[in-house]
Each structure stands twice: as C-alpha cells, then as structure tokens.
Amino acid sequence: MRLEDFNIELTRLPGAMPVWQGCVDAQQWRRAAEQVNEKGGRLVALWGSDNTDLGERLTVHAALTVHSGLLVVSLPLSADSYPDVSDLFPSANRMQRAAYDLLGVRAENAEDTRKWLRHAAWPDGVFPLRKSFEGKRVFPNGEDAYGFVQVGGEGVHEIPVGPVHAGTIEPGHFRFSVVGEGILRLEERLGYKHKGIEKRFEEMTLAQGARLAGRISGDSTVAYAWAYAMAVEGAAGVSVPQRAAWLRALLLERERVGQHLWDLGFLGNDAGLAFGLAQFSRLREDWLRTSHALFGHRYLMDMIVPGGVARDIDGKAIAAMQAETRVVREGVQLLRGIYDEHAGLQDRFIGCGRVKPDLAHRLGLTGLAGRASAVAWDLRVQFPVPPYDGFDVRMSTHGNGDVAARATVRFDEVFESLRLIDLILAGLPAGDIATPVADAPDNAFAVGWVEGWRGEVLIALETGPGNRIRRLHAHDPSWQNWPLLERGVLGNIVPDFPLINKSFNLSYSGHDL
Amino acid sequence: MFQLLKQIAKVGIKTEKPPEPDENLRVAAQRLQREILERFQGSLTIRHVDAGSCNGCELEINALSNPYYNLEGLGIRFVASPRHADMLLVTGPVSRHMEVALKRTYDATPHPKMVVALGDCGCTGGIFGENYASCGRVSNVIPVDVAVPGCPPTPLAIMQGILTAISVK
Chain R
1 MRLEDFNIEL TRLPGAMPVW QGCVDAQQWR RAAEQVNEKG GRLVALWGSD NTDLGERLTV
61 HAALTVHSGL LVVSLPLSAD SYPDVSDLFP SANRMQRAAY DLLGVRAENA EDTRKWLRHA
121 AWPDGVFPLR KSFEGKRVFP NGEDAYGFVQ VGGEGVHEIP VGPVHAGTIE PGHFRFSVVG
181 EGILRLEERL GYKHKGIEKR FEEMTLAQGA RLAGRISGDS TVAYAWAYAM AVEGAAGVSV
241 PQRAAWLRAL LLERERVGQH LWDLGFLGND AGLAFGLAQF SRLREDWLRT SHALFGHRYL
301 MDMIVPGGVA RDIDGKAIAA MQAETRVVRE GVQLLRGIYD EHAGLQDRFI GCGRVKPDLA
361 HRLGLTGLAG RASAVAWDLR VQFPVPPYDG FDVRMSTHGN GDVAARATVR FDEVFESLRL
421 IDLILAGLPA GDIATPVADA PDNAFAVGWV EGWRGEVLIA LETGPGNRIR RLHAHDPSWQ
481 NWPLLERGVL GNIVPDFPLI NKSFNLSYSG HDL
Chain C
1 MFQLLKQIAK VGIKTEKPPE PDENLRVAAQ RLQREILERF QGSLTIRHVD AGSCNGCELE
61 INALSNPYYN LEGLGIRFVA SPRHADMLLV TGPVSRHMEV ALKRTYDATP HPKMVVALGD
121 CGCTGGIFGE NYASCGRVSN VIPVDVAVPG CPPTPLAIMQ GILTAISVK
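Respectively, the protein sequence lines represent chains R and C. Okay, so the first sequence: first residue is 1 according to our numbering, each after it adds one. Okay, so the second sequence: first residue is 1 according to our numbering, each after it adds one.
The shape of chain R in the complex, shown without the other chains:
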C-alpha cells in the first residue's frame, strides 16, 4: 500500500517513527480502512478527541499500518457519528464502543453497541473526555446491566468468574458457557480498572506526563515511557543523543527478558510443574536485583524521560550486565531442555489454546501472541529506530498458535534480547544521556510507537498551550489480543483456561485506562 494510493493529503508527523496523518471526510475514512484491509494491513488503534472548545469538532482517529509506516486518518464529525470499520477490522468493535463511552462518538450501524469501558460510575449521555466534563465530578453509582450473549441448549450452563480472581492477577470478568468441562463460549467483560488515566493526562504538562505514562501498565513501564517520550520529542522537534537511544534499547530489552522469564515460570506452574516457577522466578529475581542495583528501580520505572534517560551506567555496570547475560543464557538453556523433555508439560502445552494463523490474521492478533500464530510483525524489525537499525533483529515466529508456540516464542525472544543486550553493552556510544526538550508548539500532533514485550504500544499526543497535554491516547496491544483469547479457549476445557490465559498474559490496566 503506497501512500499516494490513498488520495488523501498527508503530512509526515515529526518524530522517530514513520507516521503520516491526514484529515479525511467520512467517505475517505471508510475507503482508507478498506484499502488497508485489502492489502493485509492492520488497525493499530482507534480513538477520539474533542476539539469543540477550539471552535472545531469532535474528531475520530484511526491508526492503520501501511508499507512505509503508520497512517493516521482523522475525521472531524459533522454530527456525532462516523462510518463503522468493525466489519473490516473486528478489533475495532471494542475500541469504537470505548470511544462512545468516553467521548460520545458513535459508529454508524455498528452491530455491537453495548457499553464497554463504562460500568456504573457515570451515566450514559455523560462523556468524561469531553472538554466540558469536569474530571473531578463524581456521579452516584448507577445501574450496571450488561447483555452477555446467552448460549442455549441442553446441559449448557454458565460459570461467571471475577472481577476478583482466585490468583494474584488483575480484575476482569469472564463468562464461560460450558457443557461439562468443555468451553462453548467465553465472553470477557473488562473496564473494572478504568481510573480516568486519559482525563488525568489532560491536567498535566508534557514533563509531568512521563511518570503517568510509566504507570499505564506497570509491567510495560519501559515501553510506555519510551512511546510517551517519543511522542513528546516529536511534538517538540528534538532528537535524543545516541547514547540515550542505546540505553533506552537496553532498558526495553531488560524489561522483555524480565517479563518473559516470569511468564515461562508461570507457564510451567500452571501446567503443574512448580519446579519451573521456582527456577525461573529465581533467575528473574536476580535480574530484578541487578536492575535495582544499576538503575535504582527493579522495574526500571521513570528511567526513560522526554529528552533521553534519567540515569547513566559506567564500565563496572556494563561488566556486571555482561556477566549476567552469560549466566541467564546458560540457565535458560538448561531449563528449556528440561521443559522440552518433560512429557507431562508438553502434553499440557501442545495443541492447547490454539489460534490458527488464518484467524489471527483476520482478527488482528498482534505482538508476541501474534508472532506465535505466524503474524510476522515486530516494530524492531519493521521500522527499527536507532540502535535497532544496526542490529538486524531476528524475529521469532511460530505457526502452531498454541500454548507451546507462545512458550517457544518467549524462549527465542529471551535469547535474542540477551544477544541484543550484549551488542548494546559492547557498542554503547559515548556522550550525553539527555538533551533539553524545547517548548512544544500549541496544537502539535505526535505519535510514539514501541514494540514492548507484549506487543506494540502506541501513544498519540496532542499538545495544548504552555507545554500542556491537550489530549493523550494510550493504546495497549491487549486491545487486539483479548478477543483472541475468547477464541483460543473454544473447545478446550475450563481447567486449561488459566494456562491459556497466562500464555497470552494480557494487560487489564493498559486496556481499561
């Protein structure tokens, strides 16, 4: 898909990633989505913003992948509705419903118009992201009816689970329709963690927002902080020093390794191999302690800031991390051998929670889970920013789309990240770790787009006067992948659900905002 094929006037947005934006009318909006869909492109995010206070309109935006990067089409609405695209991109369904709940913009003739992020905290007809809405306003808890799809037939019954789950995980509701132990249907209901993050951003300056961005989904704090910094730097027209870029990649790969080690341990545990969790969580704890010793934070929160990074490393730290990658590589190799040879474990993994490549493509599965279902997409490969552009990152993919495939991709990615960390440590350029961030112009639009451990994280930023955040949309890859979990469990048994769920390991907080 070439940009000139769209017949839209496009502007290249300033910033590290190749992003183009264009204002469209309703027809062009629909046409652009069709064109991208025909060529196998994907919908990355869909959101809205309120520009009525500027004498403009409510606007919806869609971020779509094209060959040369990301295409953002923005449609100012004459009324409060826009053409539905959920028939082209099924993942748009929930995003469109969320856009209605928060901003009151409606997808015309959409099949599913149930509420999504709104439960009982505010009434229908009130839209928190409207500029006229006062963020501190509290409504009494209202009605919270939600029409789950009912499954009929002899012997069918429902198992409602959550929002408070049995383990130490985030809250959400799962409604299983089962016969015996077999799952006929799973329907998720999310939004329990909605805490007004996007509205909160609008009270902040560009500098203050960095801390909040790192807390959209704590397990992906580095990815979000980088995406946020990228957007701010794009808006302000600054580029970061080389050393800062390399340190950012170091932090991102450290986050990826830490999370994958954890997931690999839990995958063993959820299949009944407690040994796996004990061993992997030991490796992970060592890893976190190194992060704490060298960067002052176990999860590397607040290390990436607009303009660069907050903390430098010295030769001793480099040597310590080089020694560590050797130990972790050996440790993970040994454990992979044990996992591979363990018949009981493989029996639980193989064929479980399968999302076939065809379905993954059609429904827009992304990130790590996507790669395990042959969706070959990794921003570090597709659109590598420095230093990734010099590393020839090796993407790991698998065609089986089951729990085993998602474990395999994690193993491969741990080794690849360790290789990248070694390259970064060996070639880390000298120089500053940050540059002052210039004032951003009023009404700038910029995008940050980063491949976190779970998948692509997107931050879309609109600035206001005085370096303030006018509107910020944060998009987690979990939006795309949650619906595929519903499909992946079909035909499996209820007791396998925790294992399948863990193999996706999706974010609630990053999704609920």
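FYI, nobody ran anything at the bench for these hints, they're computed from the structure.
DSBU-like, lysine-lysine: derived pairs with alpha carbons at most 35 Å apart:
#	chain 1	residue 1	chain 2	residue 2
1	R	K136	C	K103
2	R	K115	R	K39
3	C	K17	C	K113
4	R	K131	C	K103
5	C	K103	R	K115
6	C	K17	R	K316
7	C	K14	C	K113
8	R	K316	C	K10
9	C	K14	R	K316
10	R	K39	R	K356
11	R	K316	C	K6
12	R	K136	R	K115
13	C	K113	R	K136
For this one, chain R is given, so just place chain C on it according to the hints.
Below, chain C alone, put in the same frame as chain R:
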C-alpha cells in the same frame, strides 16, 4: 528427570531472612487481641484484591512467592477466596468500577480480619488521585490497618507490612 533433580540440588536453598515488623506502617491500632495473634503463631491466609492498580504492585506480590522471599515458608499463604482469608492485601487507587467488588470482598472475609493497603496509590491515591472513575486511597472504601508505600513497594517492604499487621506490640 535427572537434569531436574540435579538442578534443584545445584541451586540449593535461596531463602533469605524475613524483615522485622515496622510499627511506622501501622495506620490503625492493633485491633486483634494478643491471645488471638499468639494463637495464629504467625500463620496467615491472605486474599489479594487488585482494586485498580497499574499492575506494578502485583509483580512484587508475585515475587513474594519466589525462592528468595518464600512467603509460604513463614506459614503465610495466598488463598483463592475471601472466605478463607484472615487478611486482604489491596492494591491500587480503588477504581469506581471496583468499589462494590472490594466492599463485597471485605464483607465476605470472616472476622477477625485485617487489611493491608499496598503501594503509593493504595496509601494516598498516588498519581491517579480521585476523579470521576477513581475513589483514591483504599481507606476511602474499607478500613485499613497497615499501609505500605512504594511504587511499587519492594517484596521486603510488603513482607514487613504483612508481618507488622500480625505482630504483637
């Protein structure tokens, strides 16, 4: 199987010494009588409730079960139902959408019960504060005995908070 056993033997026991209780973390006077606490003998069952966190605190709660902290080694267990729990370990600013679920979980926990609020958000509402969708700190919704700050609090700090809640002065 040989590899597996060899690895267990090679790694050995990693468990470290637990921290001492810290009275500064207490926000409400010890409500339990000395006799009850002595009968507990330090054993405890915990129901974790994520009431709206960014999931950072959950990472560290999970870390409590790794071989270094080995919380179960102290007789402290996470349980699947509030009806089996002595303590609720609550994270997050409490989102408005979790307010009812948190209150119900609290009501479902049998007396005597304790609540430990976790993290800067659980203690004060943190960076999210109070707004149309967030109730802020945990004590705005249910009574809290001990509050452990940090973003996220380290596993040691969480352990210290838990041990403080069941300590006898």
